[in-house]
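**Student:** Every letter in the first sequence is one number past the one before it in full-length UniProt numbering, and letter 100, counting from 1, is 100.
Since the hints were derived computationally from the structure, they do not count as laboratory data. Even glycine gets a Cβ: it sits at the ideal position worked out from N, Cα and C. Among the hints, a few may not be true.
What the hints assert, rightly or not - Quick list of in silico lysine-lysine cross-link-like pairs, DSSO-like style, CA-CA up to 27 Å:
hint: 1; residue 1: Lys100; residue 2: Lys260
hint: 2; residue 1: Lys260; residue 2: Lys338
hint: 3; residue 1: Lys213; residue 2: Lys229
hint: 4; residue 1: Lys235; residue 2: Lys63
hint: 5; residue 1: Lys233; residue 2: Lys202
hint: 6; residue 1: Lys100; residue 2: Lys58
hint: 7; residue 1: Lys235; residue 2: Lys338
hint: 8; residue 1: Lys58; residue 2: Lys202
hint: 9; residue 1: Lys338; residue 2: Lys63
hint: 10; residue 1: Lys233; residue 2: Lys168
hint: 11; residue 1: Lys228; residue 2: Lys202
hint: 12; residue 1: Lys232; residue 2: Lys168
hint: 13; residue 1: Lys344; residue 2: Lys324
hint: 14; residue 1: Lys168; residue 2: Lys122
hint: 15; residue 1: Lys260; residue 2: Lys233
hint: 16; residue 1: Lys219; residue 2: Lys168
hint: 17; residue 1: Lys168; residue 2: Lys202
hint: 18; residue 1: Lys58; residue 2: Lys338
hint: 19; residue 1: Lys202; residue 2: Lys219
hint: 20; residue 1: Lys213; residue 2: Lys202
hint: 21; residue 1: Lys232; residue 2: Lys202
hint: 22; residue 1: Lys219; residue 2: Lys235
hint: 23; residue 1: Lys100; residue 2: Lys122
hint: 24; residue 1: Lys338; residue 2: Lys324
hint: 25; residue 1: Lys122; residue 2: Lys260
hint: 26; residue 1: Lys213; residue 2: Lys63
hint: 27; residue 1: Lys229; residue 2: Lys202
hint: 28; residue 1: Lys229; residue 2: Lys168
hint: 29; residue 1: Lys228; residue 2: Lys168
hint: 30; residue 1: Lys260; residue 2: Lys232
hint: 31; residue 1: Lys228; residue 2: Lys213
hint: 32; residue 1: Lys229; residue 2: Lys219
hint: 33; residue 1: Lys58; residue 2: Lys32
hint: 34; residue 1: Lys235; residue 2: Lys168
hint: 35; residue 1: Lys63; residue 2: Lys100
hint: 36; residue 1: Lys235; residue 2: Lys202
hint: 37; residue 1: Lys219; residue 2: Lys260
Said to hold, decoys possible - Label-pair restraints from in silico Cβ distances:
hint: 38; residue 1: Ala56; residue 2: Ala166; range: 28 to 36 Å
hint: 39; residue 1: Asp173; residue 2: Ala9; range: 14 to 22 Å
hint: 40; residue 1: Ala224; residue 2: Gln325; range: 51 to 59 Å
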Amino acid sequence: MRDIADLSAELLEWYDANAREMPWRTAPHARKNGVMPDPYHIWMSEIMLQQTTVAAVKEYFLKFTRLWPTVQDLANAADEDVMAAWAGLGYYARARNLLKCARVVVADHGGTFPNDHAALLKLPGIGPYTAAAVSSIAFDQAQAVLDGNVERVMSRLYRVDTPLPAAKPELMDLASALTPDLRPGDYAQAVMDLGATICTPKSPACGICPWMKHCDGRKAGDQADYPKKTPKKPKPTRHGIAYVGQREDGAFLLERRPEKGLLGGMLGWPGAEWGDVAQEAPPADTNWTPLNEDVRHTFTHFHLILQIRVAQLPMDCPGLFIAKQDFSPSDLPTVMRKCFNLAKTYMSH
DNA sequence: AACCCGGGGAC
DNA sequence: GTCCCAGGGTT
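Go ahead and model the full structure; you've got the sequences and the hints to work with.
**Tutor:** Right, here's the structure in full:
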């Protein structure tokens, strides 16, 4: 038990000297002076950071907090504005749940985030990790965070041979045993910083690791073999066609995708469902011009090859048209933006 | 427990 | 190309 207290104390000492700066983070010296972070900021950053790197999140976090400075502002926002602001960040269910959660916090919690793990866990888009992160970082509660970084650190520190994801309960027990009652918020950020900057997936910088002398993996020399993982399935390739239509007045023919499923709730170019073979499904009865080049894109679990068709459409063409001055490619998910970028080189205006 | 769900950077 | 990322929801 003496050893465990040493571990957290040594990591906090390292964090005091090496904490990375982030727009949502309260630095350790400020925290020691009683400054606490805004729970709204911590919550928003943690939602954005799910499966997403700090570098990618920064500009989105600044944009969201500029557009919606408080959870009340966000709760009052229009759905389509939030989805457009999220475009490009990926995993769009996060944006829908972000808005849902803001509205629940305002309606059921008086606009104040609950501070305990159990209450946070009930909110949309908040799972075990995010509940622990918000309760520890924003409210200094002794909750163990277990993300990809901590899984890697724990599995190396103790040479856990059980492969992920089956090892998660075991890793959670190890992480909980290390979480201190003193400065749990800084400790949570410290152990994740350690995984992100020193205990990296490939070629970890063990020579400068504050836990070097405690690490079983380091002692055995096989730290890079952890964590063990169950092999993943190969990605299939799907095919489809995207129709980029522009009306005589410059407006674009788009469609709002269904709330559930791939790119849910986002704008996109019309077309049939993607499959083993590309299917024609022109959204207007006119002469569509196929382009020589395809759009290629990779999603979480498949590769996609999209053929592009372009056409000029008459003013009486039915459908969801967005005026040229209201159309911004940055409102589109990346694959749809790729389609536009390719099509526009072939369009006259 | 297994599957679905983006996008980008490092290698 | 592969792997990874401050994971959650659904079935």
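**Student:** Look at each hint and say if it fits the structure.
**Tutor:** Now for the hints, and whether the structure bears them out:
no.: 1; hint: Lys100 to Lys260; result: holds, 14 Å
no.: 2; hint: Lys260 to Lys338; result: holds, 22 Å
no.: 3; hint: Lys213 to Lys229; result: holds, 25 Å
no.: 4; hint: Lys235 to Lys63; result: violated, 34 Å
no.: 5; hint: Lys233 to Lys202; result: holds, 21 Å
no.: 6; hint: Lys100 to Lys58; result: holds, 22 Å
no.: 7; hint: Lys235 to Lys338; result: holds, 21 Å
no.: 8; hint: Lys58 to Lys202; result: holds, 24 Å
no.: 9; hint: Lys338 to Lys63; result: holds, 22 Å
no.: 10; hint: Lys233 to Lys168; result: holds, 20 Å
no.: 11; hint: Lys228 to Lys202; result: holds, 13 Å
no.: 12; hint: Lys232 to Lys168; result: holds, 17 Å
no.: 13; hint: Lys344 to Lys324; result: holds, 13 Å
no.: 14; hint: Lys168 to Lys122; result: holds, 21 Å
no.: 15; hint: Lys260 to Lys233; result: holds, 24 Å
no.: 16; hint: Lys219 to Lys168; result: holds, 23 Å
no.: 17; hint: Lys168 to Lys202; result: holds, 21 Å
no.: 18; hint: Lys58 to Lys338; result: holds, 23 Å
no.: 19; hint: Lys202 to Lys219; result: holds, 17 Å
no.: 20; hint: Lys213 to Lys202; result: holds, 20 Å
no.: 21; hint: Lys232 to Lys202; result: holds, 18 Å
no.: 22; hint: Lys219 to Lys235; result: violated, 37 Å
no.: 23; hint: Lys100 to Lys122; result: holds, 12 Å
no.: 24; hint: Lys338 to Lys324; result: holds, 18 Å
no.: 25; hint: Lys122 to Lys260; result: holds, 20 Å
no.: 26; hint: Lys213 to Lys63; result: violated, 42 Å
no.: 27; hint: Lys229 to Lys202; result: holds, 14 Å
no.: 28; hint: Lys229 to Lys168; result: holds, 11 Å
no.: 29; hint: Lys228 to Lys168; result: holds, 11 Å
no.: 30; hint: Lys260 to Lys232; result: holds, 25 Å
no.: 31; hint: Lys228 to Lys213; result: holds, 22 Å
no.: 32; hint: Lys229 to Lys219; result: holds, 21 Å
no.: 33; hint: Lys58 to Lys32; result: holds, 25 Å
no.: 34; hint: Lys235 to Lys168; result: holds, 25 Å
no.: 35; hint: Lys63 to Lys100; result: holds, 19 Å
no.: 36; hint: Lys235 to Lys202; result: holds, 23 Å
no.: 37; hint: Lys219 to Lys260; result: violated, 48 Å
no.: 38; hint: Ala56 to Ala166: 28 to 36 Å; result: holds, 29 Å
no.: 39; hint: Asp173 to Ala9: 14 to 22 Å; result: holds, 21 Å
no.: 40; hint: Ala224 to Gln325: 51 to 59 Å; result: holds, 54 Å
Violation of the numbered hints given earlier is confined to hints 4, 22, 26 and 37; the remaining hints are satisfied by the structure.
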